[in-house]
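Guided by the hints, dock chain D onto chain Y, whose structure is given.
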Amino acid sequence: MGNCRQFPTFFIACFKEKGGLFVNSKKKGMTLIAKQKAAGWAFLTPATLMIAVMSFYPMVRAFIISLQTGTGANMRFAEPIFNNYKRMLADKVFKQSIGNTFFYLIIQVPIMLVLAILLAQLLNNRDLKLKGFFRTCVFLPCATSLVSYALIFRSLFAEDGLINTILVKLHILESGYNFLGNSASAKIVIIIALVWRWTGYNMVFYLSGLQNIEYSVYEAAKIDGANGWKTFWKITVPLLKPTIIMTFIMSINGTLQLFDESVNLTKGGPANSTITMSHYVYNTCFINVPNFGYASAMAFLIFIMVAVLAFINLKVGDTRD
Amino acid sequence: MKKKFLSVLLAGAMVLSLAACGNSGESSDDSSAKTEEDGGGSEGGNKLTVWAWDQTFNIKAMEMAGEQYAKDHEGFELEVIETSSDDCQTKLTTCGNSGDYGTMADIVLMQDNSYQKFLKSYPDAFTDLTDCGINWDDFATLKQSYSMVDDKHYGVPYDNGVCAAFYRTDVLDEAGYKIEDLTDITWSEFIKIGEDVHKKTGKYLLTSESTGGDTIMLMIQSCGANFVNEDGEAFIVGNETAEKCIDLYTEMIEKDVVKLVNNWDEYIKTVTNGEAAGIVNGNWMNATLVGIEDQKGLWQITTLPKVDGVDTATNYANNGGSSWYITSNCQNVELAMDFLKSTFGSSTEFYDSILPATSGIACYLPAGESEVYNEPVEFYGGQPIYSTLVEYSSHIPEFTKTPYHYEARECVNTAIINITNGTSKEDALKEAQETLEFKMTE
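Protein chains in written order, with our numbering: chain Y, 1 to 321; chain D, 1 to 442.
With the rest of the complex left out, here is chain Y (with noise of 0.2 angstroms):
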């Protein structure tokens, strides 16, 4: 640990070092000020055009595309001109997607950050040994790829995979169970899968919210009778809440454009019941008769629903009078 800390004095010293040469060798013209905005704007400049053009002009392209309509290359403004939009409330399909990826959203998310959060006290201990240890192995998924995991996941729940060989051999059940051919099962899968996939990812989050919270709050609480969980609704919550904000949007974000779980483990069946949003829009662009205009639509929809989703999470955290 002793390490650690002298680390970012190092670094200082490095700078404060650096800035005097730097105000030594100043050629005259412009102010120290001036020139450090002017180094900032430098350094912002490559970052901000980058956005621009990888982020924001797709996102206005996908737009005037979503306003167009017809198959492959033979693309014209549709009539009346959101039209692609209008279609949207006919898609039974789609309206089917969307019920999954909220049943996905409001079943997985909370789970996922509770068992989080809890993780996170736990491995938060003073007393813990192996303290490193624990915290990479619940970290560990987060390093596997999307895909390799839900081929592991669809493995492990086939009908002679490594979980039903386990229940026939317990004499849970009688023979294999077929996980994925199931629709109620299929989704749990999926659920499971997600939860084993990114809760020590928001851990991850979490433990670094807990450990810039000062031991001797805690201490005072201890010192003023407040018990485990008192401790834990008044001091550890509310301190964390920016950290949990975050978490939230970033599930909600992450599970409305599932993608890799939905095409690898089920392939959106059986019947179309586990298939998500992002899923159904890459169908309609690569699978079906390439539909770009109406694969924006539903794409720019999504948009919408993280954007009004992480809105009102924001508002609900915001304490501010």
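I should point out that these hints are in silico values taken from the structure, not numbers from a laboratory. Mixed in with the good hints there might be a few duds.
[Unchecked claim] Chain D stretches covered by chain Y per the calculated footprint, using a threshold of three residues with CB under 8 angstroms from any CB of chain Y:
{"no.": "1", "stretch": "84–98"}
{"no.": "2", "stretch": "156–167"}
{"no.": "3", "stretch": "206–212"}
{"no.": "4", "stretch": "402–408"}
[What the hints assert, rightly or not] Not close to chain Y: a few residues of chain D, all C-beta gaps over 10 angstroms, as computed:
{"no.": "5", "residue": "Met64"}
{"no.": "6", "residue": "Gly102"}
{"no.": "7", "residue": "Thr127"}
{"no.": "8", "residue": "Asn135"}
{"no.": "9", "residue": "Val149"}
{"no.": "10", "residue": "Asp151"}
{"no.": "11", "residue": "Thr201"}
{"no.": "12", "residue": "Lys255"}
{"no.": "13", "residue": "Val377"}
{"no.": "14", "residue": "Pro397"}
{"no.": "15", "residue": "Thr414"}
{"no.": "16", "residue": "Glu442"}
Remember, predicted model here, so these are calculated numbers, not experimental data. Glycine included, C-beta positions come from ideal geometry on N, C-alpha and C.
Showing chain D alone in chain Y's frame:
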């Protein structure tokens, strides 16, 4: 401090070297793209690039074609770039939508079932091959029709998709049946035998994917029908043939004749672990089967069951072959046309040479008469399956193609799952009809 510095250095080195890997990969891609462009008129154009999948089959055949052509044409060069079937289609979609075909190869392999979809969506991507000198009558009319629009040819037929019923003779024996009992039967007879086999041996006479399965498609196409009418409109409700097929298929699911699996891996697994006593699919299943050493000599092929009570029903169908097309990015169309014509399009010699090497069955009809095709195949207990399959392929009825093949397949498979889960047939079919109609509008 030293340690920290070292670890940062190491991590940095790793990231940089990995980034370099990525770069070199890209730059080689770039160079291949460049050579594609150069492959055109600028350099005299003796080089063609090809995208195809499957090392043991398509790619091998294409490479052999290149070698053969190079013998008579000095300086001819052929580069085959392995590209999965999905990637070939995704790349075409992205190129088509951006309107820039500059990154495409000269010749690309395409699934027959996808042809109509892409011909409708990106007509610019293809080269009209009608007058390239191939005698089109040398190919079965059905096979040709996959890659045709308005009587124009856009594909050189290659991989045959003729279907066969593959059965495990040892399992049939155990249940008291012979391959002859399953030859030229109807699906309801098949169901009876299948039930019996499942009861006696616990094995399934058929397996199929529940999402994206082809069985229902080849059932209806064996009747010369489809889930669209002649005008290309969705035709599920009121389509007697379709209803008969769906009835038979749901009956098979309910009676444990067919085992529904969730994906292709599980489909193959039912064969490798011996759960499947039968497979009904394109002849390309052969490539998978012959790889299973311990089942050597146990398999035999015969005709498909046919749909009961439909006048046009046959025991033959086609599923999932592929054909070559020349992209609009090809700078030397003449060379590409001549190459395809003199190998895949007219040379029995060529087909004779690729059969032993790839066990791929040609669509080129004159090739089927060759002796190589009549040789017995050990894996199938000495059955001469190649000539048998070529013979089957001449009986497949034609049917109306649709660009919305995958949509129709999805809608019908969804309806079938819904019916087995308790939805009334009427409601399920109505929903399938409506969904398919919806997908056909813009």
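Do the hints match the structure? See the list:
1. Taking a C-beta to C-beta cut-off of 8 angstroms, the stretch 84–98 of chain D contributes 5 residues in contact with chain Y, enough for the three needed, and the coverage statement holds.
2. Restraint check on the stretch 156–167 of chain D versus chain Y: 0 residues with Cβ-Cβ distances below 8 angstroms, three needed, restraint violated.
3. Counting residues of the stretch 206–212 of chain D whose C-beta sits closer than 8 angstroms to any C-beta of chain Y gives 3, which meets the bar of three, so the coverage hint holds.
4. Coverage of the stretch 402–408 of chain D by chain Y holds [criterion: at least 3 residues with CB-CB distance below 8 angstroms; count 4].
5. The non-interface label for methionine 64/D is consistent with chain Y: the shortest C-beta to C-beta separation is roughly 31 angstroms, beyond 10 angstroms.
6. A cut-off of 10 angstroms between C-beta atoms confirms that glycine 102/D is not in contact with chain Y; the least separation is 15 angstroms.
7. Non-interface call for threonine 127/D relative to chain Y: holds, since the shortest CB-CB distance, roughly 16 angstroms, exceeds 10 angstroms.
8. With 10 angstroms as the threshold on Cβ separation, the claim that asparagine 135/D sits away from chain Y holds: the shortest Cβ distance comes to roughly 31 angstroms.
9. With a minimum CB-CB distance of about 13 angstroms to chain Y, valine 149/D clears the 10 angstroms threshold, and the non-interface call stands.
10. For aspartate 151/D, the shortest C-beta to C-beta distance to chain Y comes to about 21 angstroms, beyond the 10 angstroms cut-off, and the non-interface label holds.
11. Against chain Y, the non-interface label of threonine 201/D holds: every CB pair exceeds 10 angstroms, the least being about 16 angstroms.
12. Non-interface call for lysine 255/D relative to chain Y: holds, since the shortest CB-CB distance, roughly 17 angstroms, exceeds 10 angstroms.
13. With a minimum CB-CB distance of about 30 angstroms to chain Y, valine 377/D clears the 10 angstroms threshold, and the non-interface call stands.
14. At roughly 25 angstroms from the closest C-beta of chain Y, the C-beta of proline 397/D stays outside 10 angstroms, upholding its exclusion from the interface.
15. Threonine 414/D, annotated as away from the interface, has a beta carbon of chain Y within 10 angstroms; the closest lies near 4 angstroms.
16. Not every Cβ of chain Y is farther than 10 angstroms from the Cβ of glutamate 442/D; the closest lies at roughly 5 angstroms, contradicting the non-interface assignment.
This entry does not satisfy hints 2, 15 and 16, going by the numbered hints stated previously.
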